[in-house]
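Chemist: Based on the provided sequences and hints, a complete structural model is requested.
Protein chains in written order, with the working numbering: chain F, 1 to 517; chain U, 1 to 130.
It is worth saying that the hints were derived from the structure and are not from the lab. Please read all numbers here as calculations on a predicted model, not as lab measurements. Be careful, since some hints might not be right.
Under the rule of at most 27 Å between Cα atoms (straight-line distance), these lysine-lysine pairs were calculated in the BS3-like manner [as the list claims (entries may be wrong)]:
(1) F:Lys100 x U:Lys98
(2) F:Lys298 x F:Lys87
(3) F:Lys303 x F:Lys268
(4) F:Lys87 x U:Lys98
(5) F:Lys401 x F:Lys144
(6) U:Lys52 x F:Lys246
(7) F:Lys477 x F:Lys488
(8) F:Lys378 x U:Lys52
(9) F:Lys100 x F:Lys246
(10) F:Lys87 x U:Lys103
To list a few chain F residues with every Cβ distance to chain U over 12 Å, as calculated [stated by the list, open to error]:
(11) Glu38
(12) Glu46
(13) Tyr52
(14) Asp231
(15) Met256
(16) Gly281
(17) Leu289
(18) Arg357
(19) Arg358
(20) Phe492
Beta carbons: idealized from backbone N, C-alpha and C, even for Gly.
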Amino acid sequence: QVSVALKEGQVTPTQLCQRCLALIRSTKFLNAYITVAEETALKQAEESEKRYRRGQPLGVLDGIPVSVKDNFNTAGIETTCASNMLKGYISPYNATVVQKLLDQGAVLLGKTNLDEFAMGSGSTDGVFGPVRNPWSYSRQYKEKSVSKSHSEDEESNWVITGGSSGGSAAAVSSFTCFAALGSDTGGSTRNPAAHCGVVGLKPTYGLISRHGLIPLVNSMDVPGILTRCVDDAAVVLGSIAGHDPKDSTTIQDNFMPFELPDLTDVSKLSIGIPKEYHAPGLSSEILALWSKAADLFKDAGAKVIEVSLPHTRYSIVCYHVLCTAEVASNMARFDGLEYGHRSDMNESTESMYAATRREGFNDVVRGRILSGNYFLLKQNYENYFIKAQKVRRLIANDFVKVFRSGVDILLTPTTLSDAVPYMEFIKEDNRTRSTQDDILTQAANMAGLPAVSVPTALSEKGLPVGLQFIGRSFQEKQLLTIAKWFEKQVKFPMIQLEEVKRLDHGVFQHQKSASFS
Amino acid sequence: MRVLWFGRWLRAGAAAMVPAGPPRAAAELLAHLERLALVDFRDAEGVERLQKAIQFADRLQEVNTDGVEPMDSVLEDRCLYLREDNVTEGNCTKELLKNAREKVEEYFVAPPGNIPLPKLDEQETFLQGS
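Modeler: So this is what it looks like as structure tokens:
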């Protein structure tokens, strides 16, 4: 809808850009952005405006403000991965996906906050501080929270966004941009999407280029897309997917951007409900929502059957081993010589490396590097690393078996509960939290399957809850079509934020369902 | 400036915290890991984190993987594509050097190599020297 507004001249790209920038300024307390690229954004908006005036926009995304997670390289803009190691690092090049968005005319507003090096499930462990969930300040949450004294609660009761793409999710959820890029290795896009009430899409591994995305786990990373509705996700996917000669793990098949049809008849669909996803710790609210969703499909005529993915509970252990092993290797490039932080220690090369890495990485990162190195030791290689790879095959085979038996799509919860307050979250350490929170999203990464988290309803506390759909490899069109149907059925409410209402003249009135397509 | 904390607390009698035998890591193993990874545990909490990680990973042993091949990539059924060996971009020396802190002309400058990290018992003297 905003795109139409831009085309018809009801609002100009620069106006849009300025309003978003103003909104970013007024929502600074959310800490969603690390770097706001004001000048370049306004320049891009001006260019876009010239194009619209000539009647030659580059496409649907021309002039649309977007933001990008801070582990994507962006030329001329600081890229930090929320770590001391890369503070002050200005990339000399654009990541392929960033370049594709810019080529379509999108306006890059800034880089969003994350967990350090995308390790974590709360967006709380970056050096720039934790990201606050915009829903903590929504009227819906405030009405439901029991307060002892008003001012005290505002400050201490805020909830986390989930991670690790928390900044991107918060940015989209608080209307400061229309789409954001995140990355998904173990659920890092879908987890915050569910907690912030936005759509989080994890595409199939190999569909989107990872060139320029600072790698965490080469065999599981994918760039993720966060938007306010499913149609938008499809549009963004259409513009960034496809083979990239600079990333040899992208498949060579031709990718055709698609529009999502409006599904009216779901009776030919077969929805699978994996029983192992009824994990210990799943809140009763989410369980109820899950059943309601299943019933929704059943009542509409679809075939809803229970399926089994027996190795689900090992996926998190498997992930733990493979992730730490690949991290140990990927973090080896940070030695302070060519870029990034460099320690003053000058006695010898090795001591300089050691000191640089000690100063640059936080506990989480160092912990994972050390564990990874342990699992890769000669004496442990067979028992841990190779074993984890074998378990990975078993997990992937589970999915293959289920999809071969006629199931079109799987319906599962995305998170175990709604967003927890920050004070509670930090009581447990990063690894324990990741273990608990990634359990429902991890397996899709193991098998490389596409998955999308769709905001479903508000919990009793007034916080968003999302449900996840997992589809067949490279069948994003089918996945998103079903997700779109579901989205229409549940009619998830819009966030009611003070700051957004204040700036709500013209631009945002255009969006009843807050979309730009 | 301290390079490796490890020696410090170990000498402080924390040896009791590091029980021997699999899957617990012995003291030499920890030092070896620190050297391989070139990051340090920093304190006892770091070591405990490792031990918990190992214990967690041991759950993998419960799974029966007889006859299963390890999986490297989910795209294993497809052919890997290699580009033609043509130079398509480059000549960006200035941009690349911009991010390095210490450089001379077109070289990255590193401190002298081939000096091994001090062993545990040499820690004290090394520290005094730096």
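Chemist: Of the hints stated earlier, which fail here?
Modeler: Hints 2, 5, 6, 18 and 19 not satisfied by this model.
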